[in-house]
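Now for the letters of each chain:
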Amino acid sequence: MQTTTEIGYNSKVEGDVVVTRLDAALNWCRKNSLWPMPMGLACCAIELMAAGASRFDISRFGAEVMRFSPRQSDVMIVAGTVTYKMALAVKRIYDQMAEPKWVIAMGACASTGGMYRSYAVLQGVDHILPVDVYVAGCPPRPEALLDALIKLQNKVAREPLIATLKKVT
Amino acid sequence: MTTSLELAERLRAKFPALISAPAEFRGEITLEVSDPEAIPEVCAFAKRELGFDYLVDITSVDHCGEDPRFTLAYHLYGYGHLCPLRLKLRLSEEKSELPTVTGVWRAADWHEREIYDMMGLRFRGHPDLRRILMWEGYPYFPLRKDFPLSGKPTRLPEVAFTEPAPLDGGPFVTIAGGKDTIAREPRARIPETDALEPRK
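Just so you know, the protein sequences line up as chains R and Y, in that order. So the first sequence is numbered by my numbering: it starts at 119 and just counts up by one. So the second sequence is numbered by my numbering: it starts at 700 and just counts up by one.
Looking at chain R on its own, in the form it has when it is part of the complex (with noise of 0.2 Å):
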């Protein structure tokens, strides 16, 4: 009769182990998947647009699931004019992001005011949220909100992120 010895490599545990970092792991999770809040405020709207389509796809980078839902959202993209009107009503929608949640300042009007130097402009969204990515163009190409896309990624793939829960809890 015999019997079965495994000694040494395991072929039915190694086969489904992968080692790594939790960090790595949940990052890339996170990182693949960041659903956008499209606060679309002028033209800069409709190359966000562009880049949801089927040309340019943003679904390839995972970012595809564009709902006016702030509370299912990780990234607020800021694509447009922010004018002081609208400025503490998009400051309330990113308070209404769950944590953890970045931001792109889309195009020059949303970077710095762009060519609105102007009593009815806010000179860049920074003054009033966090902004992780900012993009050039005056509207930038779908490509360039691709790029910050991955600018993005690259950065939650770095974040410390236990780190982070630790000192939340």
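Simulated from the structure, these hints should not be mistaken for lab results. Some hints here could point you the wrong way.
Listed next, the stretches of chain Y that the computed footprint assigns to chain R, with coverage defined by at least 3 CB atoms under 8 Å from CB atoms of chain R [claimed, not checked]:
#1 825 to 835
#2 852 to 862
Here are the computed lysine to aspartate or glutamate pairs in the DMTMM-like style, where the Cα-Cα straight-line distance is at most 20 Å [stated by the list, open to error]:
#3 R:Lys209 - Y:Glu835
#4 R:Lys203 - Y:Glu857
#5 R:Lys203 - R:Asp244
Positions of the beta carbon are idealized from the N, C-alpha and C atoms, including for glycine.
Take the given structure of chain R and dock chain Y to it, following the hints.
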């Protein structure tokens, strides 16, 4: 085939004391209405009797330093006769108030709100005279000439705020007549004193 000039004369015949002789500039007819209080009556006649069923726009001009300070222009058009007509009136700063024409054209609602928002002229009898572009509670009228382009700081907690915009030596002004695109480019300069030379 009626013309703007004929319609202007008919309007003037109805209100001879109120309306000036029609002035023509590049084929457009303008009438001056001397009394702002009469504007709803004049407009009602223009609409009901002369067929100006479309109020294209109401605009306002601030002649800061002159008296009367403000001009309002009513742009009328009729789809029956396809003739445009412009009515103008002057309004002093002390008064800053005139009757609404929302009773004649409902389209006047937002035009008058915009003029109230930007110039601070109040329309008596307007059904809903709120600001339309700036937020409710903003203390200034930003298209008046004495309001700085960069704005003024304001703060209304939980509603809105403004900060002056950095102009970096601006406002950036372009001057026609430069010999090339570099000379015509918008640059920081005071148009009255800097002429064609950009400020150093």
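Here's how the hints hold up against the structure:
no., hint, in the structure
1, 825 to 835, "holds (count 3)"
2, 852 to 862, "holds (count 6)"
3, R:Lys209 - Y:Glu835, "18 Å, holds"
4, R:Lys203 - Y:Glu857, "11 Å, holds"
5, R:Lys203 - R:Asp244, "16 Å, holds"
Every hint from the earlier list agrees with this structure, and none is contradicted.
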